[in-house]
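Starting from the structure of chain A, add chain Y with the ligands where the hints point.
Residue numbers (this note's numbering), protein chains in the order written: chain A, 1 to 567; chain Y, 1 to 75.
No lab work stands behind these hints: they were computed from the structure.
Just so it is clear, CB atoms sit at the ideal spot from N, CA and C, and this is done for glycine as well.
Any given hint could turn out to be false.
[Stated by the list, open to error] Quick list of simulated restraints, FRET-style, between CB atoms:
#1 Y:K24 - A:P520: 52 to 58 Å
#2 Y:K24 - A:R269: 47 to 53 Å
#3 A:N359 - Y:E21: 40 to 46 Å
#4 Y:K22 - A:K107: 30 to 36 Å
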Amino acid sequence: MNTQHLQTDFLVIGGGTAGTMAGIKAKQANPDADVLILEKANIRRSGAIAMGMDGVNTAVIPGNSTPEQYVREITIANDGVLEQKNVYQTGRWGFEVIQELESWGVKFQKDHEGNYDLKQVHRVGKYVLPMPEGKDLKKILARQVKRHKVRVTNRVMATRVMVKDGRAIGAVGFDVRKGDFVVIQAKAVVLCTGACGRLGLPASGYLYGTYENPTNAGDGYSMAYHAGAELTNIECFQINPLIKDYNGPACAYVASPFGAYTANAEGNRFISCDYWSGQMMLETWKELNSGKGPVHLKMYHLDDDTISEIERVLWANERPSRERFHEGRGEDYRTDGVEMNISEIGLCSGHSASGVWVNDKAETTVPGLYAAGDMASVPHNYMIGAFVSGRLSGINAMDYVEGLEHVEPDPEFLATEKARIYAPLDRPDGVPHTQVEYKLRRYVNDYLQPPKSPTKMDIGLAAFERYHETLDLMGAQDPHELMRCMEVHFIRDCAEMAARASLYRKESRWGLYHYRLDYPEKNNEEWFCHANLKKSETGEMEMFKRPVSPYMVEVNLQQEVYDVAVR
Amino acid sequence: MALATQRVDVPVIVDESKCLEKCKACIEVCPLDVLVKNPETGKAYMKYDECWFCLPCEKECPTNAITVQIPFLLR
Ligand SMILES: Cc1cc2nc3c(=O)[nH]c(=O)nc-3n(C[C@H](O)[C@H](O)[C@H](O)COP(=O)(O)OP(=O)(O)OC[C@H]3O[C@@H](n4cnc5c(N)ncnc54)[C@H](O)[C@@H]3O)c2cc1C
Ligand code: SF4
Ligand code: SF4
Chain A
1 MNTQHLQTDF LVIGGGTAGT MAGIKAKQAN PDADVLILEK ANIRRSGAIA MGMDGVNTAV
61 IPGNSTPEQY VREITIANDG VLEQKNVYQT GRWGFEVIQE LESWGVKFQK DHEGNYDLKQ
121 VHRVGKYVLP MPEGKDLKKI LARQVKRHKV RVTNRVMATR VMVKDGRAIG AVGFDVRKGD
181 FVVIQAKAVV LCTGACGRLG LPASGYLYGT YENPTNAGDG YSMAYHAGAE LTNIECFQIN
241 PLIKDYNGPA CAYVASPFGA YTANAEGNRF ISCDYWSGQM MLETWKELNS GKGPVHLKMY
301 HLDDDTISEI ERVLWANERP SRERFHEGRG EDYRTDGVEM NISEIGLCSG HSASGVWVND
361 KAETTVPGLY AAGDMASVPH NYMIGAFVSG RLSGINAMDY VEGLEHVEPD PEFLATEKAR
421 IYAPLDRPDG VPHTQVEYKL RRYVNDYLQP PKSPTKMDIG LAAFERYHET LDLMGAQDPH
481 ELMRCMEVHF IRDCAEMAAR ASLYRKESRW GLYHYRLDYP EKNNEEWFCH ANLKKSETGE
541 MEMFKRPVSP YMVEVNLQQE VYDVAVR
Chain Y
1 MALATQRVDV PVIVDESKCL EKCKACIEVC PLDVLVKNPE TGKAYMKYDE CWFCLPCEKE
61 CPTNAITVQI PFLLR
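Bound conformation, chain A alone:
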């Protein structure tokens, strides 16, 4: 096994939405600095936006809304528990991001007068900006990465952040094709590895039939944890209302501005707003369990031209294979509703609020370690939030590295990590990763899928702890399989975090995301706070409360309860 040693000023782990932007912004801030993106796949087509995006969900455009209004909207949608100044950044910088993307050739929908054509999907404001021609977004970003002379190493998967004297000093990983051990020294590191999209098992039973790009297995959540960083509100799961079996968005964000809506089996509305929130998911869950299910996205009342326009957007961007999915089942939006289901659980602050604790500079609690995108705890952040947090991390890291020197990694740490990574190759006849992962994720469904029961979660937690032994049985026959094995390690860590955090918060909040059967009510007196976790000095997973910082935008949560039920 060869070892590759690399050095850079700023290491970006994960070259997706946030990562490419982090690299570009760092280079713009300091063109002389060396910036390296480490990517498990290939940045040309990796991550959530591999096939582009059909819209921006969180666009704060002057003349349509203000950052303050946006902060208000998300504060209410996220039941009050958030750091407003983080969310503010998305509102503050999103417009600049959109303009810069546009200057690079990304197209956003405009009206006849040339103004951004915003749509209302949220409860109050207009924040959705369609991108009917958004399919090449990732190719455009990859081109800018190259133009800005950011170095890129594709097909290397990071497995651990190196920390010395309390400071992030680089990362280790391996080449998923050649198998080389890779050690990278860096003065600052940002984790941008996306959501934990492979936590629960999809109802189809197909391990990779997930909503999120399945390359995002919670790698960054686990790496941040082992680096000693705090994570927050992990119990605020990501659960989405998706096309049954296909597991992609149905997609009300595109279709509802045209008049589509989510309906029950009788064809009636049961929610007044299609924006994804925990409360909306709870109403969906109730409807499914009321005998009025299944629920579907209803478009068959729209005229043929309108449906053709919706199809034009959906068949070309984001998850274009849904066309052939419907075709295979003989379904047509003109006559059939899109049958929907509640997804398995995941972790993602892009959609809900579970993530690595960051401040408004994208710093984690470990000096030199930043987090951005779906894995960083800025609630409901979506794509523009990923760009903004990537940008913040790149710019702030360039300040931080000023005058810093590289630090020699600890040989003992390297030896231990090397042994952990390559162990499955020594057991080529060990249990295949597919079986090990399947069982782990089935346990996640069995014991963690809301509504949450304390006894079940206790059993689940014990199973996840015992699963360390199962991981030691896993075998790999090549570097590719080794990549999947290491992902299963990450998934196990995330499952344990999800169980512990859910047991810790003894109330219900965020609708279905954290609906506890034994504490069915919200308890603001004791739990209007963040529930954080980190690895203690002795290596235990410890839970603790963090107060919610005073609001910068006044919101009266007593009066402004998020409620989208149709009664």
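Same frame as chain A, now just chain Y with the ligands:
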């Protein structure tokens, strides 16, 4: 441990008559890294059944040799 090899229906089909020996486009872009070349024939094929049915492989193929089906379990 004792292992058995099981047959599975994989979602990606390559029309070998159209696949170019010198090309690697689909292999380079696949986010899951599941496509490889058969060293004997020089043709691409799906080696691992781990697919997000996302389509970059199909879109980037210069000769339209690739067809991505929805994986059997979801179809
Ligand atoms: C199906 C779908 C539809 C969506 N629709 C919309 C929408 O319409 N509008 C909107 O605003 N938002 C939408 N979102 C959300 C938005 O796409 C995400 O919030 C955003 O793209 C997240 O960016 P990211 O950088 O965190 O993750 P990604 O862009 O997924 O990037 C993560 C990167 O990290 C890499 N990686 C992972 N692990 C490792 C590792 N160990 N080592 C090295 N590299 C690693 C991955 O390969 C990937 O390239 C959607 C998301 C999905 C999945
Ligand atoms: S559809 Fe996506 S995951 Fe499947 S082989 Fe093609 S590029 Fe890879
Ligand atoms: S992109 Fe097309 S031509 Fe190129 S290797 Fe793949 S299948 Fe063959």
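Verification of the hints:
1. Y:K24 - A:P520: 52 to 58 Å: At roughly 55 Å between Cβ atoms, P520 of chain A and K24 of chain Y fall inside 52 to 58 Å, so the hint holds.
2. Y:K24 - A:R269: 47 to 53 Å: holds (50 Å)
3. A:N359 - Y:E21: 40 to 46 Å: Check failed, 53 Å falls outside 40 to 46 Å.
4. Y:K22 - A:K107: 30 to 36 Å: holds (33 Å)
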